[in-house]
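J.: Fit chain B to the known structure of chain A by using the hints.
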Amino acid sequence: MRTETRKPASDGKPRRKFLKGCLGAAGTAVAGGAIGTLSTPAAARDTHHRPPEALGLLYDATLCIGCKACVAACKQANDNPPEFSTVDKLWDTPLDTSGHTFNIIKMYRHGTMTTKDAESNGYAFMKTSCMHCADPSCVSACPVTAMTKDPVTGVVAYDPDACVGCRYCVVACPFGIPKYQYDSPTGKIGKCELCRHRVADGHFSACAEVCPTGATLHGRTRDLLIEAKRRLALPAGSLTRYPRGSIDGGPEQGYEGHVGNYQQHVYGEHEYGGTQVLKLSAVPFEKVGMPNLPPESSAATSETIQHTLYGGLLMPFAVLGAMTYVAKRNVHHDQEEDDDGGGDPNSPAATTGPGREWS
Amino acid sequence: MSGQQHARPAPVGGSLFNATTLVCGVLIAVMATIILVRLIFGLGATTNLNDGYSWGAWVVVDVFIGSALACGGFSVALLVYIFNKGQYHPLVRPALLGSLFGYTLAGAAITFDLGRWWNFWHIFWPGYFNVNSVMFEVAACITLYIIVMWIEFSPVFLEKLGLHDARRKLGKLLFFFIALGIVLPMMHQASLGTMLVVMGGQVNALWQTPMQPLIYLLSAIILGYGVVLFESCVAASAYRRQVEVSMLNPMARVMLGIMAFYLLVRFADLIARGVLGQAFQPSFIALAFWIENACFIAPFLLIRTVDARRNPARLFLAGIAVMLGGILLRLNGFLIAFDTGPGWTYFPSVPELLVTIGIFAAEVLGYIVITRRFPVLPRAESYARPARS
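In the order they appear, the protein sequences are chains A and B. Sequential numbering of the first sequence, starting at 1, is according to full-length UniProt numbering. Sequential numbering of the second sequence, starting at 1, is according to full-length UniProt numbering.
Only chain A is shown next, with the shape it has when bound in the complex:
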């Protein structure tokens, strides 16, 4: 019967210092990674910006008449079933985007709702669909690359055959866009993919194709941004020409109309590094459901932390090496004891056993 000696032998102290050093290093690594994101470490991942040929939409709320032709066209183009919010279930009446509704026009209402595009006692429309972020949270979050961003068009696409259905994209998106089909045992994520499946037939986004007023306009985002800024520079109430369908659709598609009383802000120009869908509105954007986002994307912050801690697996292997070294020394005595006593766990020697020489 041996007893615990637990002697802090002469070599114990420096070793303990070493151990603390190892662990300290590991802790510092994690802390450093976290703090590093606040400054600019080597692994910092900058916010991505739009690819030069990025495609998108320009939605001008002052031109929208709320006809919801785009909602119906989107349903048809994506082969989605109708969703009902009324008792009679006569036609498609979704109240929000869902796994089966990728585009919807929402309404802002205030007071008497007399004036269109007025913040008080007015009403206004706002399109809700994927913004096709320059640096999408969903793409960063997806563990299996089911969400991808096209390097040329920048369209954020979804691949159901890759998806595991973890729904991290749903949680991560600041616009609440990817949605899961909870009604099915084999549910997919549903979201706008800018009608990328219709491009081969010479089509573009169905919502822009059918929009009678050009409120939803399709095109390269850099062209759309120029168009948006042109509108903001015009005096409210003056006359100007609005293109319809696609921005490069030609003058015969356009029409002349009055300039709205815009908020001087192109939503999507800088938010989270920019989005490919841009928006103009007369009512402040927060009031029509568009969140206030910083110019740095949260995907960049998240990936900076990940790359700082796990880049090339350097840090994990360094910590593993240190832990293996220390564990090997400390398990050794333990093992000897287990071996000589291991034959019969009921033997008296084995019963009290340990008496490990912790030195």
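These aren't lab readings, by the way, just hints derived from the structure by calculation. One thing to keep in mind: the hints can contain errors.
Unchecked claim - BS3-like mimics (lysine-lysine), calculated; alpha carbons at most 27 Å apart, straight line:
1) Lys328/A / Lys169/B
2) Lys85/B / Lys328/A
3) Lys68/A / Lys287/A
T.: Frame of chain A; chain B shown alone:
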């Protein structure tokens, strides 16, 4: 130091059929039925999940909280094998057993929460997996850790089966798996905190910080010790044994030390980011914040002195307080202080709760079966026997 004399682990023995195991069995059967319904009819038919709260009890409680509560094995291994505190050795196996079940069942739980579970293998398949994704890191790391833990725990089965040769061979390599069993939980417990970062402004500023990985890692280590306090007291009471106060007392002191550092990091971060003021607004969120942190502060009042730490009731309460704190840190970040826009609410459905309860029942049943039949808990006799030299 005869008080440090250790008992070798031995099976507790006794019948496997009693009221507790029967109740556990019924709860597990109920869970299995609900899982079957979920697989046939989908998540909408069984859960209250929606697109505003896409992660509910099965993810946040079963996996995020379940795995953190299963950090006992990791925390004790850190103490025994890295800081070479051999006196805690008898705690290793019981703690590891708790972790083994916690993690294995968390891994099983996530599978039927996955909307497209048949694609699960993509997470480990080059060409599919996305190294930028925090979820990928967490999923891959947890899976690896479950395998490592079964290897770490396998000596228990080898001893029982009398495979001493295999036991000895494994013993020579065990140090490496022990090291892996420390690094892997450090990685994914930290990453579970990082998971909040990409959600941006949807998570309240009191929980949205790039320091989250450090906060989650520290809280997981603390939780590990808290769970060991809790488990040791419950096991002692259930098996009518003496509480291992001689080990729990100094271990609780270690826990308090790490917890002091945790609170320092937590509040320094809030002050540095200038958002501490939000904790003083008259809001439900602020209340949730203070309840969470009160749970981490309470043990300092409960078990601050050596005498207080000799009191099993106080150790037990401190363990519960720490566990509650860790649970609330995770619930607050992922559900209570997560605001995805107006109009969304979530509270788990009855089937969701029954599955979560079923998982904890499976853990309890597994713990009982293994400790009664396999050499896990230290032999009870040694407490009665006077120490000899």
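J.: The structure should be examined with respect to each hint, and the outcome stated for every one.
T.: Taking the hints in turn, this is what the structure says about them:
no.	hint	in the structure
1	Lys328/A / Lys169/B	holds, 15 Å
2	Lys85/B / Lys328/A	holds, 14 Å
3	Lys68/A / Lys287/A	holds, 20 Å
Checked against the numbered hints given earlier, the structure satisfies every one of them.
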